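From first to last, the protein sequence lines stand for chains H and X. Residues 1 to 355 (my numbering) are what the first sequence spells out, left to right. Residues 1 to 464 (my numbering) are what the second sequence spells out, left to right.
Think of the hints as simulated: they come from the structure by calculation, not from any bench. Treat the hints with caution; some may be incorrect.
Here are the simulated DSSO-like pairs of lysine-lysine, each with C-alpha atoms no more than 27 Å apart in a straight line [claimed, not checked]:
no., chain 1, residue 1, chain 2, residue 2
1, X, Lys237, H, Lys142
2, X, Lys447, X, Lys203
3, H, Lys142, X, Lys447
Here are some chain H residues the structure puts well away from chain X; computed CB gaps all over 10 Å [to be verified]:
no., residue
4, Val96
5, Pro138
6, Gly194
7, Arg201
Small disclaimer: the values here were computed from a predicted structure and weren't measured. Here a beta-carbon is modelled for each residue, glycine too, at the ideal position from N, C-alpha and C.
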Amino acid sequence: MDTPLTRLGRTVPGHPLARHLGLALGAGAALYFLTSALSPYNDFEVGEIALYVVALSGLSLLTGVNGQISLGHGAFMAVGAYTVALLMNHTGANFVLELLAAVGTSAALGVVIGIPATRLKGPYLAGLTLLLALALPPIADKWSNTFGGDQGLTTTVPTAPGSLNPEEWLCWIQVLGALVTVVLLANLLQSRFGRSFRAVRDNEVAAALAGVHVARTKVLAFSISAGCAGLAGAFLGLSTGVVSTGEFPLTLSIQLLAAMVVGGTGTLVGMVWGAVLLVYLPQWSTSLSNQFGLGTGVNAYLATIIFGAFLIGAMLIAPSGIQGGLRWVWQRARGAMSAAGAATNVQHGVSQGST
Amino acid sequence: MGHRRGRNGRPLPWARAALAVAAGAALSAVATSAPAGAASTPGVTAHSITIGATVPLTGPAAPGYDEIAPAMNAVFDWVNAHGGVYGRKILYKYLDDGYNPATTATLTRQLVLQDDIFADVGSLGTPTQAAVQGFLNAQKVPQLFIESGCNCWSNPKYPLSLGWQPPYTVDGKVLGTYIKANFAGKKVGYLYQDDEFGQDVVKGLDMELPASSVVSRQTYDAATLAGPLSNQVAALKAAGAQVVVLATIPAATALAMLPAAAIGYSPQYVIDSVGADPPTVGPLLASFTSKGGGSAAQATAAEGLLNGAITDSYFAPESETSNAWVQVEKKLLKDYAPAQYAKSGLDGNTQYGIALAYTFVQALQKAGKNLTRAGLISAIAKYGKSFVTPGFVPLSYSSSVHFGFEGEQVYKLTSTAPPAVTPTGSWIGSTPVSPVYVTSPGKGPVKKYTGKTSTPPASLKRTA
Numbered sequence: 001m002d003t004p005l006t007r008l009g010r011t012v013p014g015h016p017l018a019r020h021l022g023l024a025l026g027a028g029a030a031l032y033f034l035t036s037a038l039s040p041y042n043d044f045e046v047g048e049i050a051l052y053v054v055a056l057s058g059l060s061l062l063t064g065v066n067g068q069i070s071l072g073h074g075a076f077m078a079v080g081a082y083t084v085a086l087l088m089n090h091t092g093a094n095f096v097l098e099l100l101a102a103v104g105t106s107a108a109l110g111v112v113i114g115i116p117a118t119r120l121k122g123p124y125l126a127g128l129t130l131l132l133a134l135a136l137p138p139i140a141d142k143w144s145n146t147f148g149g150d151q152g153l154t155t156t157v158p159t160a161p162g163s164l165n166p167e168e169w170l171c172w173i174q175v176l177g178a179l180v181t182v183v184l185l186a187n188l189l190q191s192r193f194g195r196s197f198r199a200v201r202d203n204e205v206a207a208a209l210a211g212v213h214v215a216r217t218k219v220l221a222f223s224i225s226a227g228c229a230g231l232a233g234a235f236l237g238l239s240t241g242v243v244s245t246g247e248f249p250l251t252l253s254i255q256l257l258a259a260m261v262v263g264g265t266g267t268l269v270g271m272v273w274g275a276v277l278l279v280y281l282p283q284w285s286t287s288l289s290n291q292f293g294l295g296t297g298v299n300a301y302l303a304t305i306i307f308g309a310f311l312i313g314a315m316l317i318a319p320s321g322i323q324g325g326l327r328w329v330w331q332r333a334r335g336a337m338s339a340a341g342a343a344t345n346v347q348h349g350v351s352q353g354s355t
Numbered sequence: 001m002g003h004r005r006g007r008n009g010r011p012l013p014w015a016r017a018a019l020a021v022a023a024g025a026a027l028s029a030v031a032t033s034a035p036a037g038a039a040s041t042p043g044v045t046a047h048s049i050t051i052g053a054t055v056p057l058t059g060p061a062a063p064g065y066d067e068i069a070p071a072m073n074a075v076f077d078w079v080n081a082h083g084g085v086y087g088r089k090i091l092y093k094y095l096d097d098g099y100n101p102a103t104t105a106t107l108t109r110q111l112v113l114q115d116d117i118f119a120d121v122g123s124l125g126t127p128t129q130a131a132v133q134g135f136l137n138a139q140k141v142p143q144l145f146i147e148s149g150c151n152c153w154s155n156p157k158y159p160l161s162l163g164w165q166p167p168y169t170v171d172g173k174v175l176g177t178y179i180k181a182n183f184a185g186k187k188v189g190y191l192y193q194d195d196e197f198g199q200d201v202v203k204g205l206d207m208e209l210p211a212s213s214v215v216s217r218q219t220y221d222a223a224t225l226a227g228p229l230s231n232q233v234a235a236l237k238a239a240g241a242q243v244v245v246l247a248t249i250p251a252a253t254a255l256a257m258l259p260a261a262a263i264g265y266s267p268q269y270v271i272d273s274v275g276a277d278p279p280t281v282g283p284l285l286a287s288f289t290s291k292g293g294g295s296a297a298q299a300t301a302a303e304g305l306l307n308g309a310i311t312d313s314y315f316a317p318e319s320e321t322s323n324a325w326v327q328v329e330k331k332l333l334k335d336y337a338p339a340q341y342a343k344s345g346l347d348g349n350t351q352y353g354i355a356l357a358y359t360f361v362q363a364l365q366k367a368g369k370n371l372t373r374a375g376l377i378s379a380i381a382k383y384g385k386s387f388v389t390p391g392f393v394p395l396s397y398s399s400s401v402h403f404g405f406e407g408e409q410v411y412k413l414t415s416t417a418p419p420a421v422t423p424t425g426s427w428i429g430s431t432p433v434s435p436v437y438v439t440s441p442g443k444g445p446v447k448k449y450t451g452k453t454s455t456p457p458a459s460l461k462r463t464a
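All chains should be modelled from the sequences, with the hints used to inform the complete structure.
Here you go:
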């Protein structure tokens, strides 16, 4: 019998939304236990990883899937962070609405930047977005009465329920935000929009001939990517406790781009590796330089140097980043396993045949 | 038969879920039972006190400011070499935040949650420390002697945060008082950094100077400071300002004086202490001149621009070599931080670090053998006024006042005073030109200080 219910039952397990939701729920449950087991400081770090996953996923969509580049994602993060901080200081709005507003304002700026970006490519687009990263902080300094100037605007995380410690609570908020973002993006990429993003990346003329509105698609990708950066910025503002211009230096934008490439451009899971590197590399490089007795002058740039080395290494050995490399290893292993499996089956068959 | 298994020999799904839940529960049980022995004070053992800080060791704010923490460590090493405080050695862990508040937030959590510091002592910067003020107070970690003159540190909302240096508004009031008394009737112009530092200095100046005497107010942005402040200087000249007050960081002081000299404009300079330390500003004037294509002779001459400038100080500057504090500080830095001494010598920044660390050591002594965080804060509130420091005035700490020094003296940089000699060269000296003034950052009057100025205790002198 073909009732609507059975039809639903047949379609749901294979539906991308269900699959992504299932994966996200699994990851969420694992992270729930992980954060309960970790120390508050490690929770704080997991939260930071989550916020960078949000920013990098958006960037991965823009660059890897749609073929546009941005050296100004730090500026979109700043817009999101200031939006949340301003709302927190001037209104008593609902926390979730404040986060959505951060996504909204940065996505709107993404449209504004995305429109001229449709006419620019490669280094010219990089230049335009670089300008954004350089130009936004002075604006916040200029109108210091509104944006708090040097001192910045304070942010407050909603009080943790029960006896939960604040680091764990913030970590949950950020992890949840990252899971929602990744699920939504994963679905988007499997939808009509994802296909048009890729079509535009591969060949704009062919995409236009196939009926894809190239300019609109590019602006949409830019806007979604900027919205993700806005949410990440809002989360960064919550982690820091203050939103001020010093948190969004040019190096942030550059590091995001590098982390995305190292993680695996165009993938979403790869962004986790990129985010882990962003959070832990400075610590590893500090302990490394302490071990070898390097001065602070070296220490400050060691993380950037290692990142650079990773970047060059990725370009040479694994252009699809860590995730691409892992996927390659996995496929090889699976290939080997199934080959081995086939071999045992054959042997089995032979032995069966002999009895 | 073994265990019941599903197809393919894998455990049944419900069994897997149950396993996961059990593992998770076990993990969380471990996590909650771990830090049970929290009866003692974090960071304090019978033999040590661990404290931490975040300071800019690299990046744009580092030049000069990176000298403070090593100088503080010299004091702690001196204390440790003499048996510590109640037998406890002070371990000072300072991390580089590059003046980025997001990095400060992460590193401060690392210090508090992972390294279990007893207190955050001598962390630098307004935006950076504002970022962690809420966190440190919520965690009950004292945020002591913040290296910034923001008016924001004395806030009842944050009982564990204490400033140390005079609030910038006090700088402005003292300099304004001097201008009113000595340059009466002259036209005054301001050039200030357009953030809380510059604005607070101007707030203090405006309390003392009649509004009609201020003919021009120019600003610059610290983040975009890259070249000479020619436009601002030209505007000050056009407005006919005879006295120019600079509320500037050292680089901006140099970038204002050089273009002024180039257009033949030589007003009476009054420079806030933040941007007036000759061993810091002198080399900048010289290097900017040679970078701008000036000859070696012109570079040397550029240092002469500081001659005659008025500034303020709250402790005896390094050029007063006969001052007992300066002698003690020099010896201490030389013996206990030889690498830093070779690099910078005793200058305004290393003096600052030594005085701040010595303040903290006394707070530890007064907090007693049974050291707790709350005990430390109340010891400072109770005994802070009696601490011995190089400051001209005693510290102002009480249960409601969380500012340190609220008194300063006006100085004139002059080539007739003995110079400040450091490993980097010989720099213009200075001489006091006013009584010591005391005032609060609020509306209160500027008064002459009539009390005593402390001298270094025998223990410090013996070492030195």
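Please verify that the nearest CB of chain X lies beyond 10 Å from Gly194/H's CB.
Correct as stated: the minimum Cβ-Cβ distance to chain X is 31 Å, above 10 Å.
Is Pro138/H truly not at the interface, in the sense that its beta carbon sits beyond 10 Å from all beta carbons of chain X?
violated (6 Å)
Given as non-interface: Arg201/H, which should sit over 10 Å from chain X by C-beta:
The claim stands: Arg201/H keeps its Cβ more than 10 Å from every Cβ of chain X (closest is about 32 Å).
Within 27 Å, alpha carbon to alpha carbon, are Lys447/X and Lys203/X?
holds (18 Å)
Val96/H clear of chain X by more than 10 Å, beta carbon to beta carbon?
holds (22 Å)
Pairwise hint evaluation, Lys142/H against Lys237/X, where the allowed Cα distance is 27 Å at most
The hint holds at about 24 Å.
Between the alpha carbons of Lys142/H and Lys447/X, is the straight-line distance 27 Å or under?
violated (36 Å)
Hint violations for this structure: numbers 3, 5, all remaining hints satisfied.
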